[in-house]
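Starting from the known structure of chain H, arrange chain Y on it as the hints suggest.
Residue strings, one per chain:
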Amino acid sequence: MTEAIVTIDHLRVTFGKGADTVTAVKDVSFSIAPGETVCVVGESGSGKSVTSLSLMRLVEFGGGSIVDGRLTLMRKDGPIDLAQADTTTMRSIRGRDIGMIFQEPMTSLNPVFTIERQLTDGLRLHLGLTGSAARARALQLLRDVRIPEPERRLKQYPHELSGGMRQRVVIAIAMACEPRLLIADEPTTALDVTIQAEILALINRLKREKGMAVMFITHDMAVVAQIADRVVVMYRGDVVEEGPVAEIFANPKAEYTKALLAAVPRLGEMQGKAAPEPLRLVGQKFVPKSLPPAAQPEPLLEVKNLTTYFPVRGGPLRRHTANVHAVEDVSFTLNKGETLSLVGESGCGKSSCGRSILRLVEPTSGSVMLDRKDVLACNPRDLRHLRRDMQMIFQDPFASLNPYMRLMAQVAEPLRNFGLATGSDLIDRVAALFDRVDLPRSYMRRFPHELSGGQRQRIAIARALAVNPKLIIADEAVSALDVSVQAQVLNLMMELQADLGLSFLFISHDMAVVERVSHHVAVMYLGRIVEIGPRAAIFENPQHAYTKTLMLAVPIADPNTRKLDSDLSFKPIPSPMHDRSYRPTPSTYDTVAPGHLVLRD
Amino acid sequence: MAYLINRLMSVVLTLFLISIITFAVTNILPGDVAMMIMGTQSNPEALAGLRESLGLNDPLIMQYGRWIGGILTGDWGTSLVFKEPIGPLIAQKVTASALIVVMSMTIALVCAIPLGVWAAVHRDRWQDSTASTVALIGVSLPDFFWGIMLILLFARGLGWLPSSGFVHPVDDFQLAIRHAFLPSLALGLGLMAHLTRMTRATMTGILGQEFIRVARAKGLSEGTVVWRYGLANAIGPVMTVAGLQVGYLFGSIIVVESLFNYTGMGWLTYQALLNRDIPLIQGSVFVIAAVVMLANLAVDLLYTLIDPRIRLA
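Chains H and Y, in that order, give the protein sequences. Just so we're aligned, residue 8 is where the first sequence starts under the numbering used here, counting upward by one. Just so we're aligned, residue 16 is where the second sequence starts under the numbering used here, counting upward by one.
Okay, chain H solo, but in the shape it has when bound (with noise of 0.2 Å):
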């Protein structure tokens, strides 16, 4: 093997002073040879960012300090230990030698300068490009991201270009002075599957081609098996296992890979299986129990030619000028004791299209009935009374609740709004429905700030369920969570279905935590569901080409199987914004087998 580029020695890493010292990384000791591609992987607070912000010494910005370890870089002029270089080589080093891409595009650029200036400032200073030389380099670097116009981008700033687009600028900042090292924090975390899949396509190619060392942080697992040569798996500051990517699936050493591994929900594997079925956790030691649909199925909530548009308002009267089509012509059934998934990409309309139905947005027409109730029918007063029967659970756990209320208070929130229950019947429903959510009750004096992510969406869920609803709403409810809690809160929301009957609707992103929760799955694009039908049909036989390249862009949590050997590019979204006097035409489906239903374009 070729010697290492970087290799890291016994770090530690500590914030904070005196009795306030918190260590975030204890002793982590790996290292990286050139044309490799090492994955570093743990869930929130694992040390896994400290240690990549401390290679390029950043870590130094967030308040953290190095006490103790080596990291040897392997300069040109020989090697060079990071943890005691003063200020000037490493402003040398960051951006030349080592380059780094983090996870949000949409905040990784400088809102008031071009994108030609971001480009070229660090070509200025590391190589001493001036004017158009730098400018040519620029360009080339855009070309190399593959972003299509590269001349017109130059000029532009960051809020003209795409998510998608940014990442791939920020991509070209590091990899504008050909570093020998890249580190990429999360960097495709906050993008949908399809752009995902093309920036970790790009990523790889630049490695092949420029022979670089990347250094890959992530928390999920399926990224890993995608793009990882060899694995380093963090929990709580230290490193539990490394080892070939290969060989860290197939078998896992560590007590906490094996709970990792086993957490992650995989595309294809629920393939043959009649009904969802919880996630079988290690230490688990009940089986679980699968949730299959009733007989003689009965529909709770029926969705028919829902339509949303929002109005978009310009020129100097702030006219109404435009709708953005965010629902359009949405028609599905979800029984009771089901869970129907409404899965797509950010934009495609299935938040609003949750919405719509507990009227939290107003449609633009459209039924929505839930248990043969007409919901869009309801004066204020009805509804009022209607939302008993439907509850949502919403994405961010820490932004749903008040955080200057006890918990007690928020979940019996709902019970004293609709006149429930008072005094001690009140406080003995509240400590069931913690019980319910396996919480412990002496959290039901707790502010919010005290609780994990999962306890907290535990709480929202609990929140939910006070008022006995036939329906849930969940938007996102696990995408903010880490895999092992995701893989319990998930689980959780299968006990109370099978437990207590109810419905949910499930809106998420992610095609592999849908396969395992759906009895029927719906796709949604540019407003319009192209694809409904009972799971198995959807993951098993994709009809619509949309469908085809979502399941194409998901990353699978295995190795063997690879999808990144050539560049992908797939069509970009056009916008749902259409003229005031745009007629849409209505949804048509063909049948492909019963209740398969396809868009017909």
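Note that these hints are calculated values from the structure, not bench results. These numbers were taken from a predicted model, which means no experiment stands behind them. Nothing false has been slipped in among the hints.
Covered stretches of chain H, going by a simulated chain Y footprint (3 or more residues, C-beta under 8 Å):
| id | stretch |
| --- | --- |
| 1 | 57 to 69 |
| 2 | 112 to 119 |
| 3 | 124 to 135 |
| 4 | 169 to 181 |
Here are some of the chain H residues that sit facing chain Y, going by a computed Cβ distance under 8 Å:
| id | residue |
| --- | --- |
| 5 | R98 |
| 6 | S99 |
| 7 | R101 |
| 8 | G102 |
| 9 | R103 |
| 10 | Y164 |
| 11 | H166 |
We put the beta carbon where it would ideally sit given N, CA and C, even for glycine.
Chain Y alone, transformed into the frame defined by chain H:
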């Protein structure tokens, strides 16, 4: 361009509303122009005659029409106190006040931006608490307190600068600046405190953004990262607040100009109010409102130059 037209239209509309309010308020006040001219002990018949000749018995809408017509054609009426045409009088005083407004704003920005950035860079350390304390003292004490302190120190104590009076910049520019300096400093100190806190808050947010980390990861020096990448993003919000403070400044100059016996707009408005000089009150209030709005328009237009995201809107 559409944005500019949009903004200008709203300025015209707001000025129109302000003219109505100004006119209405001065008419609701007890007493009228005729009584101010003739005095309270005057003969009721003569008073009635004057009222008739001044058109004060006409419907309010007609009186307003005459007044606004005069404003638009340059005939602003005659001041009852100064016995001079109001137009030229206000024009002269506005230049005097513009000098201290511009000077105090410059003093405030020149001090506040570096201080705020410095505090944000050293967040939660002694530099930050020092800057915060200085700012807090500046905010909590009224302008006239600073005025008195400055007069005691620079005029009485050191004798460096004059403590009162006004010299027109066209007559003697250097002397005009010397006379305007202490009132400007008194106003600037309070303003600086606000702007320092604003700069600090904005910069703190910006320095926590990912693009700052990306800039550091490129190997740029800390100076470039903070003063170019950071400040370019902070300057817009700070300028917006500075623009809003122009309104506050025109409130404060009434006190400060009187204290320094600096005969500007504030002093003029004060005299007008004191003597119930209704035509002059109407003219002054209208001009001050117009100046404040134009200052904010200027800031908004400047913002479009700084932040490319606004241009499309």
